[in-house]
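Q: Chains as they are written, first to last, in our numbering: chain A, 1 to 121; chain B, 1001 to 1194.
What the hints contain is simulated information worked out from the structure, not anything from laboratory work. In this text the structure is predicted, and so the values were computed from the model without any measurement. Glycine included, each C-beta is placed from N, C-alpha and C at the ideal position. Incorrect hints may appear among the rest.
[To be verified] Straight line, CA to CA, 20 angstroms or less: simulated SDA-like cross-link-like pairs of lysine to any residue:
| hint | chain 1 | residue 1 | chain 2 | residue 2 |
| --- | --- | --- | --- | --- |
| 1 | B | Lys1044 | A | Val60 |
| 2 | A | Lys12 | B | Leu1007 |
| 3 | B | Lys1102 | B | Tyr1065 |
[What the hints assert, rightly or not] Sample of chain B residues lacking proximity to chain A, with all beta carbon distances greater than 12 angstroms (derived):
| hint | residue |
| --- | --- |
| 4 | Gln1011 |
| 5 | Asn1020 |
| 6 | Ile1021 |
| 7 | Thr1036 |
| 8 | Ile1038 |
| 9 | Asn1062 |
| 10 | Gly1072 |
| 11 | Arg1084 |
| 12 | Asp1097 |
| 13 | Lys1143 |
| 14 | Val1180 |
| 15 | Leu1193 |
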Amino acid sequence: MSISVLVADDSKLSRRSVIRSLPQELTYNIAEATNGEEAIHALSEQKFELLLLDLTMPTVDGIGVLKFLNTSESAPNVIVISADFQPEKQKNVMELGAKRFLRKPLDKDELAMVFFELGYL
Amino acid sequence: MSKVLSLNSEQQDALQELLNISMGQAANSLAQLIETKIDISIPKISAVTPTQLFSLLFETENAYYTRQSFLGNIHGEVMSVISRSGLSEVAELMDYDEPLSKHDIQEIILELCNILAGACLSGLSEQLELITNLNMPTLFQPKKANFDELNWQHSLVMEVQFEIAISSFIMRVVFCLDDVSLSKIKTTLDEILE
């Protein structure tokens, strides 16, 4: 069975890096969004199990996407992956419902550990 | 001969993201120092010739300027430009007492540049798996003639706005590189994009 994943990041390099870092034990249906607005549109159109979300994005940032999800009936599990990892920012995203906060550059093993903790592995 | 940095769109995207990550690390270091949350804008990156660089950065008097050279797998110079506005608030958060002396201001500027430009270069080097050693920054006053005579053929300008609770300041970090160093960076970017 495949996991439906939305990868939201304005950088192609980062989206590629996130997709390459997904645990190989599972299969995925992957969609990509290049900014927060596209992410919100995708989340409105389709149900995802997992959202891998950058914070610093044009149009709508990751915080805006999290706020949108708080008004949505079915929200995916959200893993925030960001270069801005100040403690207050981490606290903020966790309060908005993110399951985990991971630092960029993404560590493959750390992502696998989060998948394990969230019950995907 | 000076020329504008030539990166294709994928290389530009990759470099912007690597610098974004590095600047996030830099902001985290500064936030720890001043014990205050900092919001950073998405870095704006542009490439200019040394002559254009002078026009872009140094026409205004409302800034402080530092430069520091780096050596290693790539070599060049990092120039930092920090807006004067917002500096006294940052100084207060760094436990400096008002009024700031000339020495205080110099110390704060050099400390900020060392943290921010240093973290930026080291973050970039780490992600590109390059070794670079950054020398200490020095303050300087830009003069147009100096920029016409720069040895570096390429200048990459990164502009970031730092917002702190009580104020904001703008910093531009400029990476000046020669042909060989730029070529090395482009090759490494292509490798990570494969």
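Q: Compare the structure with each hint and give your call.
A: Each hint, compared with the structure:
no. : hint                   : result
1   : B:Lys1044 to A:Val60   : 17 angstroms, holds
2   : A:Lys12 to B:Leu1007   : 15 angstroms, holds
3   : B:Lys1102 to B:Tyr1065 : 14 angstroms, holds
4   : Gln1011                : 10 angstroms, violated
5   : Asn1020                : 6 angstroms, violated
6   : Ile1021                : 4 angstroms, violated
7   : Thr1036                : 9 angstroms, violated
8   : Ile1038                : 7 angstroms, violated
9   : Asn1062                : 27 angstroms, holds
10  : Gly1072                : 20 angstroms, holds
11  : Arg1084                : 25 angstroms, holds
12  : Asp1097                : 26 angstroms, holds
13  : Lys1143                : 36 angstroms, holds
14  : Val1180                : 24 angstroms, holds
15  : Leu1193                : 7 angstroms, violated
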